[in-house]
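Protein chains in written order, with the working numbering: chain W, 159 to 356; chain B, 159 to 356; chain U, 159 to 356.
Note that these hints are calculated values from the structure, not bench results. Being a predicted model, the structure only gives us computed values, none of them experimental.
The list treats identical chains as one, so a pair stands whether inside a single copy or across any two.
Here are the simulated DSBU-like cross-link-like pairs (lysine-lysine), alpha carbons at most 30 Å apart as the crow flies: (1) K182 x K238; (2) K349 x K238; (3) K349 x K182; (4) K347 x K182.
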Amino acid sequence: MFYTIDILGTIAFAISGVLVATHKKLDLFGILIIAFVTAIGGGTIRDVLIGQTPVGWMKDMNFTYAIIASAVFAIVFRSKINYLRTSLFLFDTIGIGLYTVVGIEKGLSAELHPIICVALGTISACFGGVIRDILCNEIPVIFRKEIYATACILGGISYFIIRQLPIEGDFVFVIAGLVVIITRLVAVKFKISLPSIY
Amino acid sequence: MFYTIDILGTIAFAISGVLVATHKKLDLFGILIIAFVTAIGGGTIRDVLIGQTPVGWMKDMNFTYAIIASAVFAIVFRSKINYLRTSLFLFDTIGIGLYTVVGIEKGLSAELHPIICVALGTISACFGGVIRDILCNEIPVIFRKEIYATACILGGISYFIIRQLPIEGDFVFVIAGLVVIITRLVAVKFKISLPSIY
Amino acid sequence: MFYTIDILGTIAFAISGVLVATHKKLDLFGILIIAFVTAIGGGTIRDVLIGQTPVGWMKDMNFTYAIIASAVFAIVFRSKINYLRTSLFLFDTIGIGLYTVVGIEKGLSAELHPIICVALGTISACFGGVIRDILCNEIPVIFRKEIYATACILGGISYFIIRQLPIEGDFVFVIAGLVVIITRLVAVKFKISLPSIY
Numbered sequence: 159m160f161y162t163i164d165i166l167g168t169i170a171f172a173i174s175g176v177l178v179a180t181h182k183k184l185d186l187f188g189i190l191i192i193a194f195v196t197a198i199g200g201g202t203i204r205d206v207l208i209g210q211t212p213v214g215w216m217k218d219m220n221f222t223y224a225i226i227a228s229a230v231f232a233i234v235f236r237s238k239i240n241y242l243r244t245s246l247f248l249f250d251t252i253g254i255g256l257y258t259v260v261g262i263e264k265g266l267s268a269e270l271h272p273i274i275c276v277a278l279g280t281i282s283a284c285f286g287g288v289i290r291d292i293l294c295n296e297i298p299v300i301f302r303k304e305i306y307a308t309a310c311i312l313g314g315i316s317y318f319i320i321r322q323l324p325i326e327g328d329f330v331f332v333i334a335g336l337v338v339i340i341t342r343l344v345a346v347k348f349k350i351s352l353p354s355i356y
Numbered sequence: 159m160f161y162t163i164d165i166l167g168t169i170a171f172a173i174s175g176v177l178v179a180t181h182k183k184l185d186l187f188g189i190l191i192i193a194f195v196t197a198i199g200g201g202t203i204r205d206v207l208i209g210q211t212p213v214g215w216m217k218d219m220n221f222t223y224a225i226i227a228s229a230v231f232a233i234v235f236r237s238k239i240n241y242l243r244t245s246l247f248l249f250d251t252i253g254i255g256l257y258t259v260v261g262i263e264k265g266l267s268a269e270l271h272p273i274i275c276v277a278l279g280t281i282s283a284c285f286g287g288v289i290r291d292i293l294c295n296e297i298p299v300i301f302r303k304e305i306y307a308t309a310c311i312l313g314g315i316s317y318f319i320i321r322q323l324p325i326e327g328d329f330v331f332v333i334a335g336l337v338v339i340i341t342r343l344v345a346v347k348f349k350i351s352l353p354s355i356y
Numbered sequence: 159m160f161y162t163i164d165i166l167g168t169i170a171f172a173i174s175g176v177l178v179a180t181h182k183k184l185d186l187f188g189i190l191i192i193a194f195v196t197a198i199g200g201g202t203i204r205d206v207l208i209g210q211t212p213v214g215w216m217k218d219m220n221f222t223y224a225i226i227a228s229a230v231f232a233i234v235f236r237s238k239i240n241y242l243r244t245s246l247f248l249f250d251t252i253g254i255g256l257y258t259v260v261g262i263e264k265g266l267s268a269e270l271h272p273i274i275c276v277a278l279g280t281i282s283a284c285f286g287g288v289i290r291d292i293l294c295n296e297i298p299v300i301f302r303k304e305i306y307a308t309a310c311i312l313g314g315i316s317y318f319i320i321r322q323l324p325i326e327g328d329f330v331f332v333i334a335g336l337v338v339i340i341t342r343l344v345a346v347k348f349k350i351s352l353p354s355i356y
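So that you can see chain W by itself, here it is in the shape it has in the complex (with noise of 0.2 Å):
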């Protein structure tokens, strides 16, 4: 179950890295490029922090796939992309909330500070999002509005909290996962986003 949401979050990404590079006149392996950073940008760059090389895409081509096929279906049916919004919106928190948890997973084997595990977690989940913003030009977009690595930070501290309690230990994960998605279903829902500070 875990692998299939995991695929489904990078179809939800490589559908979103389409959505912005269409809007910035590339060709079409710009537009493909931007699929593939967007999907697997933060775990690249999780995986190459902790030196776990070659990183995690190239060992397994069903991500590839997954995203080769998404970004033809995102660019074919753009015009009707529209009416899957809300479909992509709920991949796309899926997918934050599965990769926050197993960015926490890989920092956990490889025995880091629980705060470094969480600051992998959000890595995970947010940087494949920046990466597209910077080849596109753009401030990244997590770091102006939305609740969204924040929800990633909340949900790998809950992971911590939650495991000190006698639950079993897959189901820590599951919690925190849920954490994350509930609290940007939440702060989209209620428009709450952090203050600005000027």
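The hints should help you fit chains B and U onto chain W, whose structure is shown.
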């Protein structure tokens, strides 16, 4: 011979970095850095992704010497560099042909899937220019126009097709490199570009 | 003493990140991230290039604590931070002096060529600021003005010259760091900058 062309490609990339940087009102150090990252950026990302560290240019000083010499040359003779545009274009085209092949070779020796090898070849050839454009605060030119990365991808695919034929190993690399070079020459000659979808 | 200055340099870099980020209308999370990458970006790239992973800040929590504390401090006292500009400039300058020396040391222990060691030192000291400027969608300031990277390069070169003299090892590092610091102080005091060629 491969090594000579590798150095020539590096020189061409370094000079192309200087040409872009001088339009951005950078100081001398800034221009030198842009020349450097344009020349070694693609190979550096490739090496980091597959975990071959310290990265290549740190272990063979000839690349550093070639980059510094050609950057100084390009800065001193910048008013006359236009006469060299055709030679530079040829070096650059030969360079991406060779870099593509080198990337594929590295991917194969890391036992990666053919599609990932093609991606590594394309990254080797193209991402120096991507970093150059990001540092100069522009949307990377290869995402916007010209058959450039596409030539690398075609050359990479042809490598894996030709390999099925009863042809000797080194020769397959040469043909794949020529596919990259000829694709780019033909595309520029006849002004062929990828469609922009909007 | 080295460790103390290292932390002071980190603090200065983190605060400089906050100062840049607050002009960009980022939210609190964005500002914190910019502070973080400014402080650890250079060392992270250095460690990744030479394959020392997990990267440094993941293994010593004091850097994370120092960055979070100084970012919060800078955000809370942002209206008064101007009074501290001189102190910050000093910290920052001491910081790049030390980071340069640390980078050289790491290069030496990876048995790299002196020129590459100087490059590693300069990367350690300067690329945090480069990533900060890219994330804020600006052409990196060190490419455009001020003797900054140049001070690091001079310090690095002087290290390898002084090492030829009959001086004890640790002392060579101190002198090289001082060359960086004094070069920068003199350059700022007398408004010396590199020529722009156009």
